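Asks: Respectively, the protein sequence lines represent chains A and B. Taking our numbering, I'd label the letters of the first sequence as residues 70 to 185. Taking our numbering, I'd label the letters of the second sequence as residues 1254 to 1370.
Bear in mind the hints are in silico, worked out from the structure with no lab data behind them. All values reported here derive from a predicted model rather than from experimental measurement. Each hint should be verified, as a subset may be incorrect.
To be verified - Incomplete in silico selection of chain A near chain B, CB under 8 angstroms: (1) Gly97; (2) Tyr100; (3) Phe102; (4) Met109; (5) Pro130; (6) Ala136; (7) Pro139; (8) Ser156; (9) Phe160; (10) Gly170; (11) Glu173; (12) Ala174.
Idealized CB from N, CA, C, for every residue including glycine.
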Amino acid sequence: DAGVIQSPRHEVTEMGQEVTLRCKPISGHDYLFWYRQTMMRGLELLIYFNNNVPIDDSGMPEDRFSAKMPNASFSTLKIQPSEPRDSAVYFCASSLPPGRGNTEAFFGQGTRLTVV
Amino acid sequence: AQKITQTQPGMFVQEKEAVTLDCTYDTSDPSYGLFWYKQPSSGEMIFLIYQGSYDQQNATEGRYSLNFQKARKSANLVISASQLGDSAMYFCATSNAGGTSYGKLTFGQGTILTVHP
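For reference, chain B alone in the conformation it holds in the complex (with noise of 0.2 angstroms):
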């Protein structure tokens, strides 16, 4: 079975700052995946970036960045130069490929995040 935890409901940050949302996660799969996705205000789920489990580097996608380690089973994700448009709720995830698809995700319970100007 996987879990994941997202241990901060809610944070805030201002405009331009950078701010890290944490998640960890517990698998016995050898092979999985990580993902970030943004669910906003009007409620469809936005994918963000993702971290396959054999990825030597931290996966980076514009703003975003993961911050993957292994060891730690941590999936940190980073947001830098925050935006007004990057309020919103965050979710966690992980899949085991294993020859399925990396769609059948089990999702943490989120973080709020609210970028004040």
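So here's chain A without its partners, still in its complex pose (with noise of 0.2 angstroms):
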């Protein structure tokens, strides 16, 4: 397996745009979540799905963030409009249920968001 797969890798964008970042979890992980990482506040839990469901979004900072999983290989995380402030290293992570195999998370490569 190619592991949990996000795009874009970077990405610049004005105040004001809207930003859709990408991710393809491992085949057959049930569960999907999204990070941000940032100086300030460290590795912090936005959002996650159970079986493209979302089941906790208490981290997401604000409406202007909205996450989705249309299908079992494929979820996005929007910020619209996006501010300076959401500047981070987002990274998406994949896993089995406990008592499946691997107990750990498995993450993508992340996505470095740069909002002028």
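Using the hints, put the two chains back together into the complex; each one sits in its own frame.
Replies: What follows is the structure, given as structure tokens:
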């Protein structure tokens, strides 16, 4: 398996523009997670899905952020409108549930977002 | 709520020496997992080692071992025979299983490890 695939790897956009980050989880993984990494706040969970259903979105900072998982092999994180404080590295991760193989979450390479 | 504390912002070690990275955790969950991830300068997150809260023995994975002291709520990472490629940021994280995935992680602030030749 190629692992968790995120696109784009880098994104530079102007304030006010819509940004869409994409993620393809590892095939067969039931869980998908979106994390954000910043210098100030470290790594924080934004939202996660189980079998394509959002389970906990309490980490989503504002209504400007939304995430979807239309099928088991694709998820998006959208920011509309984007602001400079959204600049961060966004990671997607996927995992199996406990008791079904490896316990750890596998992370994608991340998308470095810069909002100017 | 869960919390991870990594008190060492930076650590230095000589190549081929062993180094211990500290991690303490706080959780009210009876069942939980403890993880260490490595983040090199290229940015990806690499899983290193896992310890379950009910595991009797300390976890080991090659040169990595986890010194798990449940009563002290500590889960220190020990890297033996350090290599230059070990220079990276290291994150300790915890997750409660509770029927959900161990991918729902709470991370510490990280420790930057620098290995000197």
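Asks: So, for every hint listed, does it hold in this structure?
Replies: These are the hints, each one checked on the structure:
1. Gly97: Since the shortest Cβ distance to chain B is 13 angstroms, the answer is violated.
2. Tyr100: holds (4 angstroms)
3. Phe102: holds (5 angstroms)
4. Met109: Violated - the Cβ of Met109 of chain A stays beyond 8 angstroms from chain B, reaching only about 10 angstroms at its closest.
5. Pro130: violated (17 angstroms)
6. Ala136: violated (15 angstroms)
7. Pro139: Where the cut-off is 8 angstroms and the nearest Cβ of chain B is about 20 angstroms from Pro139 of chain A, the hint is violated.
8. Ser156: Hint violated; Ser156 of chain A Cβ to chain B Cβ min 15 angstroms, cut 8 angstroms.
9. Phe160: Holds - the Cβ of Phe160 of chain A comes within 8 angstroms of chain B, reaching about 6 angstroms at its closest.
10. Gly170: Nearest chain B Cβ about 11 angstroms off; hint violated.
11. Glu173: holds (4 angstroms)
12. Ala174: holds (3 angstroms)
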